[in-house]
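The chain contents come next:
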Amino acid sequence: MVFSSATFLFVFLPVTLAIYFLPLFRNDKTKEIKKKNLILCVASLIFYAWGEPVYVLLMLISIFFNFSVGIDLDMNRLNKGKRKAVFVFAVIFNLFILGFFKYSGFVIENINNIFSTNIVFKELSLPVGISFYTFQILSYIIDVYRGKVSTQKNIVSFAAYITMFPQLIAGPIVQYSDIEKQLSERTITVEKFSAGILFFIRGLGKKLIFANTVGAVYTQVMEQSTTSISVITAWLGIICYTLQIYFDFSGYSDMAIGLGKLFGFDFIQNFNYPYSAKSITDFWRRWHISLSSWFRDYVYIPLGGNRKGTFRAIINIAIVWSLTGLWHGAAWNFIAWGFFYGILLIVEKYVLKDAIEKIPAALRHVLTMLIVVIGWVFFSSDSLTAALNYIGLMFGVKATGFFDSTALYLLRSNGFSIAVMGLSAFGVFASMPKLKNKKANIIFQVVGYLLVFAACIAYLISETYNPFLYFRF
Amino acid sequence: MNRARIGEIICVVLLAVFMVFVCNFDSDSDKTVAQVKKEVVSVMNVDGLLTDKGYAKVKKEFGIIKADYEAAYYRYSDSVMDVRELLIVKLKDSSQGDALVETIESRIKNKQILFSGYAPQESALLENYILKVQGNFLIYVVSEDAQEVYEQFKKAL
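Protein chains in written order, with this note's numbering: chain H, 1 to 473; chain R, 1 to 157.
Capping the alpha-carbon separation at 30 angstroms, the derived lysine-lysine pairs in BS3-like fashion look like this:
id	chain 1	residue 1	chain 2	residue 2
1	R	132	H	102
2	R	155	R	59
3	R	154	R	90
4	R	59	R	38
5	R	38	H	122
6	R	59	H	122
7	H	102	R	90
8	R	60	H	122
9	H	122	R	90
10	H	122	R	155
11	R	90	R	132
12	R	155	H	102
13	H	102	R	31
14	R	92	H	122
15	H	102	R	154
16	H	349	H	278
17	H	122	R	109
18	H	308	H	84
19	R	92	H	102
20	H	122	R	31
21	R	111	H	122
22	H	398	R	109
23	H	122	R	132
24	H	122	R	154
25	R	66	H	122
26	H	102	R	38
27	H	31	H	148
28	H	102	H	122
Calculated from the model, a selection of chain R residues having no Cβ within reach of chain H, i.e. all distances over 10 angstroms:
id	residue
29	34
30	54
31	60
32	68
33	76
34	91
35	110
36	117
37	131
Selected chain R positions facing chain H (in silico; Cβ < 10 angstroms):
id	residue
38	3
39	6
40	127
Since the hints were derived computationally from the structure, they do not count as laboratory data. Beta carbons: idealized from backbone N, C-alpha and C, even for Gly.
Throw the hints in and build the complete structure from the sequences for me.
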């Protein structure tokens with residue numbers, strides 16, 4: 001089930017909220033929160049089972065296993081050896097599940113290619129959200145082992161953390177330490193609920209009005225044969241993808257954060273106008289913040305971060321970014337994409353640091369965006385070869401000239417909307433001054449959001465299939 | 001042994017059972033070739049492609065004899081310069097897949113040699129072919145929409 005579907009908006013969400021807010025155990029806050037966690041957990045399993053009836057079993061196995069591991073770690077808190085063995089086994093178990101379902105085909109295919117073997121393998125469909133919920137589970141296991149958080153002894157609360165439907169499929173990746181307290185104590189105020197609705201509508205608008213529109217232009221470009229494409233068309237195509245992936249993914253994150261608020265949770269911000277970044281480092285502080293934070297906290301820092309000298313820090317960055325690429329997909333183009341950023345970040349941090357600061361801010365921004373746009377070619381392509389071919393086209397290699405009728409048509413029909421989306425992604429509209437009159441400001445916002453919601457409904461009626469790009473990770 | 005450890009062991013066993021189940025679950029489909037092709041064709045540009053109705057073409061091109069397989073569906077162009085084609089085969093036994101893959105691969109190689117050098121557009125399509133065995137189904141597609149077609153094929157099974 002996707003958020004941008006009529007089934008979710010008009011059936012699943014209202015019914016879940018109605019049951020969630022049933023006035024039971026009003027006088028017993030502990031019982032009330034337990035009831036809420038149970039409802040959230042059951043609703044989340046239904047949400048997941050809607051599209052993944054088989055893989056919901058895998059999720060349940062994972063929940064029971066990791067809940068048991070948490071208890072086991074707690075029981076062995078005085079026996080360091082046993083505790084370490086349980087921890088290592090749990091990490092291997094979780095990574096094995098991820099590896100089996102996500103990477104086994106890729107590994108065997110490469111073994112077959114490299115060694116000319118013919119190992120037969122069955123391509124399994126990827127369990128939706130497995131990369132996200134595995135990382136959440138690992139955050140729990142690692143933090144319990146480190147003693148940063150205490151063991152969750154209520155299986156319903158633990159299951160609610162893993163399955164929580166607002167962020168189950170495509171994040172943000174919520175670290176257990178950020179949500180531990182909220183699982184046993186959270187308040188839902190009118191202000192929080194209202195903010196949740198606004199977040200949700202904003203995300204829905206980003207997805208349905210912006211991402212889908214600009215995504216259609218990108219698809220149009222991709223439908224052209226790669227041998228009959230001009231330089232400008234190639235650039236236009238990837239710029240549209242750049243906007244599409246931002247509005248699609250940040251739209252999903254906004255909806256997730258908004259839904260979280262409706263159920264009383266506060267999730268971390270996942271995007272902070274990444275396209276307004278003035279360096280690659282800055283970009284990654286603003287893009288998919290929850291993933292970068294996860295890799296920083298559970299891979300980069302444990303490896304030594306930058307505390308063990310420059311050489312070791314460079315190796316650590318390379319490891320983290322190769323893993324970041326691999327996390328996104330079992331394909332060489334994703335690994336190349338991760339490595340591309342790893343190298344850029346190393347160069348930026350250790351080679352060009354002083355020089356970059358001397359470049360005018362506007363030029364820094366342009367250069368950053370140029371790199372980011374080129375990076376998305378690796379991300380959007382089916383293979384590394386296709387990515388390199390497309391980058392070639394962007395710089396005139398095998399392109400059919402600099403400008404063609406397709407580019408002219410696309411610019412005429414979509415130029416204005418692309419420009420508006422570009423400005424929006426840059427944060428121009430968000431930084432516009434608010435009305436001085438507080439009441440007028442509220443009315444203005446409410447009317448604005450209602451219009452966006454109405455437009456979304458209109459889009460939903462005409463476009464029934466609205467998958468998110470990040471679902472495949 | 002504590003209860004948590006017993007829980008972990010049970011989960012490991014359940015995971016092993018689940019993996020075996022999923023591998024088999026994913027492998028065989030009850031769908032007919034007609035049902036699968038209907039879904040697949042909906043996302044592929046088949047303008048100008050002919051349908052092999054009597055298994056004559058599919059026998060000539062791939063050596064597929066009707067009696068040996070559950071069913072097959074083949075779309076092709078009669079223009080020598082149009083390399084687009086779509087083949088969906090429902091195998092009687094998944095072990096038939098390997099032999100058929102070999103036959104198709106050798107045919108693709110010959111076609112690639114034929115087109116390389118003078119027909120770059122067709123050559124690029126041939127380079128990006130998709131040939132996969134998914135349980136008891138095989139798909140072979142040469143098309144601009146190959147990846148999309150394959151995704152739809154998986155969904156259709």
